[in-house]
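When we follow the numbering used here, the leftmost residue of the sequence shown carries the number 18, and every step to the right adds one.
Treat the hints as calculated values from the structure; they're not laboratory data. Virtual Cβ for every residue (Gly too), placed ideally from N, Cα, C. Among the clues, some could well be false.
As the list claims (entries may be wrong) - Have a look at the derived ranges for each label pair, beta carbon to beta carbon:
(1) R101 <-> T41: 24 to 30 Å
(2) P86 <-> M174: 30 to 36 Å
(3) T111 <-> E213: 29 to 35 Å
(4) E77 <-> S217: 27 to 33 Å
(5) A149 <-> E267: 17 to 23 Å
(6) A275 <-> A83: 34 to 40 Å
(7) L207 <-> A266: 27 to 33 Å
(8) E252 <-> R71: 29 to 35 Å
(9) A83 <-> E213: 30 to 36 Å
(10) L116 <-> M174: 35 to 41 Å
(11) S217 <-> R101: 16 to 22 Å
(12) L132 <-> T178: 18 to 24 Å
(13) E107 <-> A275: 22 to 28 Å
Stated by the list, open to error - Straight-line alpha carbon distances no greater than 16 Å define the calculated EDC-like cross-link-like pairs of lysine to aspartate or glutamate that follow:
(14) K270 <-> D146
(15) K169 <-> E179
(16) K59 <-> E117
(17) K59 <-> D72
(18) K234 <-> E200
(19) K169 <-> D188
(20) K99 <-> D109
(21) K169 <-> D183
(22) K59 <-> D123
(23) K59 <-> E74
(24) K169 <-> D141
(25) K169 <-> D184
(26) K19 <-> E267
(27) K37 <-> D141
(28) K234 <-> D255
(29) K59 <-> E124
(30) K99 <-> D80
(31) K37 <-> E138
(32) K59 <-> E125
(33) K99 <-> E125
(34) K270 <-> E138
(35) K63 <-> E117
(36) K234 <-> E267
(37) K37 <-> D263
(38) K169 <-> D123
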Amino acid sequence: MKHPEHIAGVIYDVDDTLLKSQPTDDPLSNLHQVARLAALHKIASKYDYCAQLRDVEAQENFDSFAASPVHTIFGAFHTLLKNRGILTGEVDPTHPLILELVALKDEEYGRLLPLYGRAVEGADSFIRDFSAHYNLNGSNAIASTGIMRDIKTFLAMSNLTEFFPDDRIIDVAKVSQPKPNPEAFDRAFLSLNLPESARSQVVAFEDDPRGIASALKAGLFVCAITTRYPREHLEALDAKPHLIADSYAEFRKHFGLAG
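With these hints in hand, go ahead and build the complete structure from the sequences.
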């Protein structure tokens, strides 16, 4: 689909959209997966009622995020613990066990990110060139389910800090409803100080079906990149993105950027 004739702003997801936190070709090497698994094993050693978590392996941990009804670490942990019979009910981000797991995971991920994280190929130069080509100075924002510390670490690593001041970074702490709820992208849109009529002129970049649904519900023009899900999967979604690309080189061509 052709992009909007006038582009008024842009909003990026971070993990797997801009940030490649997977050091190898194996999805199980994803730094978030590794950090979550480490947290589960630490909790298994701390509490007798969680001892069964000692035998959680990488694939089960990975599947728990994909199966989570919400696109957050809280949902991933809850899904796994519910499958193991440790928790019941709906996702509760205030549950003490979930909060302890999240804190452990965040500590481990914070250690791993500067060592192994890097930008998705071409993402950093795309942000710079897209902003310059469409004169979007002051109209770049982030809508992420990550935490501010990690987002800012990645931006500094990629020399992108100047494009995203804190007030235009919507992280998990700034929303009450995670993706696929539109709140993250709604808040990011509002941070751009554009009129409501400009929603369809703001381009959102995502990789995850729950994030795609969130951006669509917010009324944005949604571009999906196939860093985690193949094109066929994204094309089959009920909430289909407007544009799918396999790389930022492909996005550059579509949006008329040089190089």
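Now for the hints, and whether the structure bears them out:
no. : hint                      : result
1   : R101 <-> T41: 24 to 30 Å  : holds (27 Å)
2   : P86 <-> M174: 30 to 36 Å  : holds (31 Å)
3   : T111 <-> E213: 29 to 35 Å : holds (33 Å)
4   : E77 <-> S217: 27 to 33 Å  : violated (41 Å)
5   : A149 <-> E267: 17 to 23 Å : holds (19 Å)
6   : A275 <-> A83: 34 to 40 Å  : holds (37 Å)
7   : L207 <-> A266: 27 to 33 Å : holds (32 Å)
8   : E252 <-> R71: 29 to 35 Å  : violated (40 Å)
9   : A83 <-> E213: 30 to 36 Å  : holds (34 Å)
10  : L116 <-> M174: 35 to 41 Å : violated (28 Å)
11  : S217 <-> R101: 16 to 22 Å : violated (44 Å)
12  : L132 <-> T178: 18 to 24 Å : holds (20 Å)
13  : E107 <-> A275: 22 to 28 Å : violated (49 Å)
14  : K270 <-> D146             : holds (12 Å)
15  : K169 <-> E179             : holds (11 Å)
16  : K59 <-> E117              : holds (10 Å)
17  : K59 <-> D72               : holds (12 Å)
18  : K234 <-> E200             : holds (9 Å)
19  : K169 <-> D188             : holds (10 Å)
20  : K99 <-> D109              : holds (11 Å)
21  : K169 <-> D183             : holds (9 Å)
22  : K59 <-> D123              : holds (13 Å)
23  : K59 <-> E74               : holds (13 Å)
24  : K169 <-> D141             : holds (14 Å)
25  : K169 <-> D184             : holds (12 Å)
26  : K19 <-> E267              : holds (13 Å)
27  : K37 <-> D141              : holds (11 Å)
28  : K234 <-> D255             : holds (12 Å)
29  : K59 <-> E124              : holds (12 Å)
30  : K99 <-> D80               : holds (13 Å)
31  : K37 <-> E138              : holds (8 Å)
32  : K59 <-> E125              : holds (11 Å)
33  : K99 <-> E125              : violated (23 Å)
34  : K270 <-> E138             : holds (15 Å)
35  : K63 <-> E117              : holds (11 Å)
36  : K234 <-> E267             : violated (25 Å)
37  : K37 <-> D263              : holds (14 Å)
38  : K169 <-> D123             : holds (14 Å)
Going down the numbered hints, you'll see the structure goes against 4, 8, 10, 11, 13, 33, 36, while the others check out.
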